[in-house]
Every structure is written in C-alpha cells, then in structure tokens.
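Visitor: For reference, the chains in residue letters:
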Amino acid sequence: MINIPSTLRIAFRALKVNKTRSALTMLGIIIGVGAVIAMLAVGTGASRRIAEQISSMGSNLIMILPGATTAGGVRMGAGTQPTLTMGDAEAILKECQAVADVAPVLNGIAQVVYGHQNWSTGVVGTTPSMLQVRDWPIASGRTFTDQDVKSATKVCLLGQTVIDNLFGDVDPVGQTVRIKKIPFTVLGVLARKGQSPTGQDQDDTIYVPVTTAQKKLFGTSFPGMVRIIMVKAKSTDDLSDAERQITDLLRQRHRIGPKQENDFTVRNLTQIMKTSEQSSRVMTLLLGAIASVSLIVGGIGIMNIMLVSVTERTREIGIRMAVGAKTWDIRLQFIIEALTLSLIGGVAGVVIGVTISEILSTLSGWPTIVSTFSILLAFGFSGMVGIFFGFYPAYKASLLDPIEALRFE
Amino acid sequence: MHLLEAREIRKIYRLGDIDVPALDGVSATIEKGEFMAIMGPSGSGKSTFMNILGCLDKPTGGQYLLEGIDVAKLDRDERAAIRNKKIGFVFQGYNLLPRTSAVENVELPMLYNGLSLRERRQRSMAALGSVGLEGREYHHTSQLSGGQQQRVAIARALVNRAPILLADEPTGNLDTKTSVEIMELLKKLNNEANITIILVTHEADIAAFCRRTMRFLDGRIISDERNA
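Residue numbers (the numbering used here), protein chains in the order written: chain A, 7 to 415; chain B, 55 to 282.
Do not rely on the hints blindly, as some may be mistaken.
[Said to hold, decoys possible] Pulled from the structure, derived: some chain B residues nowhere near chain A, Cβ distances all over 10 Å:
#1 H56
#2 R61
#3 R64
#4 V74
#5 E191
#6 T232
#7 E235
#8 R265
#9 R269
#10 R274
[Claimed, not checked] Only pairs whose alpha carbons sit at most 27 Å apart, straight line, appear in this in silico BS3-like list of lysine-lysine:
#11 B:K112 / A:K402
#12 B:K127 / A:K402
#13 B:K140 / B:K127
#14 B:K139 / B:K127
#15 B:K139 / A:K402
#16 B:K242 / B:K231
#17 A:K240 / A:K100
[To be verified] If we take Cβ atoms under 10 Å as the criterion, some of the chain A residues that face chain B in the derived model are:
#18 P11
#19 S12
#20 T13
#21 V23
#22 N24
#23 I115
#24 R321
#25 G324
#26 M327
#27 P408
#28 I409
Everything labelled a hint here was simulated from the structure, so no lab data went into it. Just so we're clear, the structure is a prediction, and the values are computed from it rather than from any experiment. The beta carbon of each residue, even a glycine, is placed where N, CA and C say it ideally should be.
Chain A extracted, bound-state conformation (with noise of 0.2 Å):
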C-alpha cells in the first residue's frame, strides 16, 4: 500500500536536509530549460516579424522582370534588357484570366526637394492600380487617376518616411515639391506600411504616374519601356495558372520561338515568401531541439547526483526497510525526489527563459514571443526527464539488502 502524500513528504524532506545539493543539481535542469524557452521565443519572435513583413508586401503576387535569368546564367541578369512594354501590361489584364489586376512599373533613385530640405528616394512611376495590387491604401489625400497616366501629368503619392524627412509635422497634401528639379503636386499620402521581407524601407518611396516617370524623370530611349509589371492573382489557387498564361502571352507578344529562352522572368512572389516562413519555422524547431540538448544533459546531472546520493544514504534505506518500506515505496521516493528536482528546476527555468527572452528582444529590437505552448512543454519535458533519469538510482535503491545496508559504512 503506498501512500502518495507520505511519499511526497518523505522526498521534500530529503532534498530539503541537503538543500546546496539539491541546488546544485538542479542547474542543469534550469539552464536547459531556460535555453529551451528563450530559444523558442528568439524563433517565434522572428517567425511572427517575417509573416508580418511578407502580407505587408500584398498578396497574391507575381513580378515581371525583363531578361532571363537562365540563360547565360550570371552574364545577363534579370532586368537589364528593355523588352517590357506598357502594351505588355495592357495585354496581360486583357488576355489572362486569372490575373486580377497589373501595375506596369518605371523607376529610379531621384532627389526630391522641399522648402529646404531635401532627400534622396525610390521613384515609382506606376498606375493607379498598383495600389489595388500592393493592398497600400491611402492615408490622406487621394490617388491619381488612369486620366493622370493618360496625360502624364506631375502629381505624385507620398511615403511616410519621405514625409517625415521632408515635411516633419506640415500636411503635404497640395503642397508642392520638385523631383529632380521639377514641380509636383502632392495628391496623397501612402499608409505607414514597415520594412519589407529584405529590410528595406518600404515607406522610403514616392509614386508617380508611369507616363510621367517615362517623359520626365527617367526618360528612356524606348517609349512605353517598362522595367518591372507587378501581377495580381485572383487568389492563391490562381497563382500558377496565371504564372502560365502570363508566360505564354509573353513568349507570343516577344515572339519566341519555341526552341528559344524566355527574354523575360516571372517570378511568383507569393511562393518565395512561403518558402522562407517555412525556414523559418524550421530554424525555430532546430534552436529548439539543440536548446533540449541541455536539457538531457541536466538530467545525466540528476540522474547522477542521485545515484551518489542513494549510495551515501545506504544505510538511511536499510533504516527505512528494516521499519517497514517496500520495493516501491523506496523507488517512489528517489523518483519523487528526482522529479521535484526537475520541476522545480524547470520552473526556475522557465522564469529564466522568459527572462532572457526579455533582454533579447530588448536588446535586439526584433520581437521575442514566448508561448504557454512553449512553456508547456519545456516543462513537461523537464518532468519526463526527471523521471526517466531518477528511475535506474531508484531502482538500485529499492534492490539493496537491508542487513547489509544497515552494515554500511
């Protein structure tokens, strides 16, 4: 018959009379565990930041680039060649069903001037719909119309990092700036939107008509050139089939035989992104289990300042089964005794673990989260392992022969 509580009593009061042994050995448990959790938050922490930053993109998205990417391999390079056109974009909302919408792209570096201030910035020569396709709404003000396009006229949207390095506090709407010595009227402001997936400052831009980007900013040799398209799929399910129509429309408009290399590159953004979440996760489970490294080694700790202990307690067991312990009632004492250590160790842990999280994040700037998943389950592991490695010094303990035990020097 074992009694649970008196067992319970038996082993808080041994560890209890050796209190800096019992300390000691639960420092394995400890780190492990707080390595277990910080390592797992410092995962997640990044994982969350780079979903964050890819459905800030947009969704659903494919980018058009001229010029292969095979072909030569590194010699030629996506987008050095002029072979994407405005008629390229129109076609492709006309032609492919399952793209939803399309924003040809002309852009460049430009210095962009206010009063006396001034800044150098990303110019966007687009259309209106590449609002639609980067999901960017407007913060205040209004966008320019197809009809702007049309007659390219000098308006232009605003990113709030232009208008922080420009304005500071004034409202930019109406005002005018000049980009690259010329006058624009300010329609709009762009919503705050964050660093994108690569690091880049997203809100470090400002968008003009393409037709105006193409006349007076960056004029080209090759009227109605693009240098990107960005595409919008209906939905995700959409995306390959509008990766293909989008291909064969090309390779038909460009007139590539069917033997020749694309003169152009597609790239599903949508996927990429996907891919690198996915690595992400990844990292994040292997951080993990090399974090739980330790934690097997805390309870190689356990399990041998146990067995030590069981031996130096000899004589402590024969006194104990001479007065009436059973086989199990010796085993579940040096298994309480070993699980208590790792329990509280992995509280321990777990407080440590959140607070190296804390200083992390701190420190780093990016997002640490700790989950009670996480928690949950250093935890859960730690009692395992006190159990698992408490169990052989018990075992050894229940198999002593009282009389000679009670010998024992």
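Put chain B on the given structure of chain A with help from the hints.
Guide: Chain B in isolation, oriented as in the chain A frame:
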C-alpha cells in the same frame, strides 16, 4: 501458539564457492512478554538468528513461525509489512536519520502505513513521552546525547505498537550509567506494556537485567536458562 517459534533453523551463506553454515539447526520458542538476552562470541550465529527473528532474512532450512505464520513463505514486501507492524528494532549505533528531529525520526515507521499527520504526531509525542524525552521532541539528532538518541530509537520501535522489540547491543556505545538507564527503561516497557524484548549482548551485566539468557556457539544454542 507461541509468539515466535524456530524449528531446526539452518542458515548457510555462500562465499565464493564455499558454503559457510551460520546456523546449524536452531530450535527455540519465545512467548509473549519474555525478556531474553542472547549471548555468544563473534561468529556464533547470534546476529544471524536475530536477523531471521526480525524477518530481515530468511532461513535456508527449517522453519520460523511468527504468530503462527511461516515467514519463509512470504516475499520481500510481505516481510516488510510484518516488520512494520510487529517488530521494533533498536541498534547499537542508534540508526536515526541525520539532520532530522526526534519526532520525525519516531514517525518513520508510520509513514509506511499511511497514518494521518495528526495521528502520527500524536503517537510520536506519546512515544517520546514514554521514554522520558518530553521537551526534546524537536531536537535534532546532533543535539541529543547517545543515551537520548537510543531513547528516540526505542520510541521509534514502539510507535506502531509492535509486540516485539529486537535490540542488537543496545548499550554497546553507551557509558555504564546510561546503559543502566536504558536497561531500566526496557525493563519497564517489558513489565508495564508486556512487550517481548530480545536483545543481543556481550556483557553479562546487561544480560542480568533479562529473565532468560540463550547462549550460542558455532551456530547452535548451547544453553538456554531462566535467570533468577
């Protein structure tokens, strides 16, 4: 039915490939309320006999009946249960738990038969009182003298109301005066509570406190006398 009955008990220890006979056909009966001393030189088998009486060991041959039950038929845990209920041990070296208070030491046997905290405390305090240690219940073993520690051990042996008390050289580590005190205490327990006490000793003075003396030699009982 005798309280304890030994029938031609044999015990053989195997050391390597040699068989060492520790007990060579020992028969005796012990009734309730006896106060008996076992004497004999080292290696005579008296300790072995005590271990078998105390259910710490099983005979290799013969039978040992405790309250009519053949102990050899019991497994390890069953013997542990019998020790818990029926037998109190007192050792030469006291064998108390270190860094533990007197009352927690006395409590030990009760932790293995599931009594409540209140019940345990009550009985422990009463047992300590009956051995003359009121006021010292919460002292730790290091704060108690040899004689006091032995009293704690005796209290522990009584706490589960065991009918049998086995003492292995209980006064071996004590000075003369304290030895007498302990023996007087045992005598009192035997007289007032009718506890059967069997003790092993080397000293005739100590054996003189008992009413019966059994002598061992070479694994056999060579004499078994009632003292005057």
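Visitor: Could you check the structure against the hints above and give me the numbers of any it violates, in ascending order?
Guide: Going through the list in order, the structure violates hint 23 alone and respects the others.
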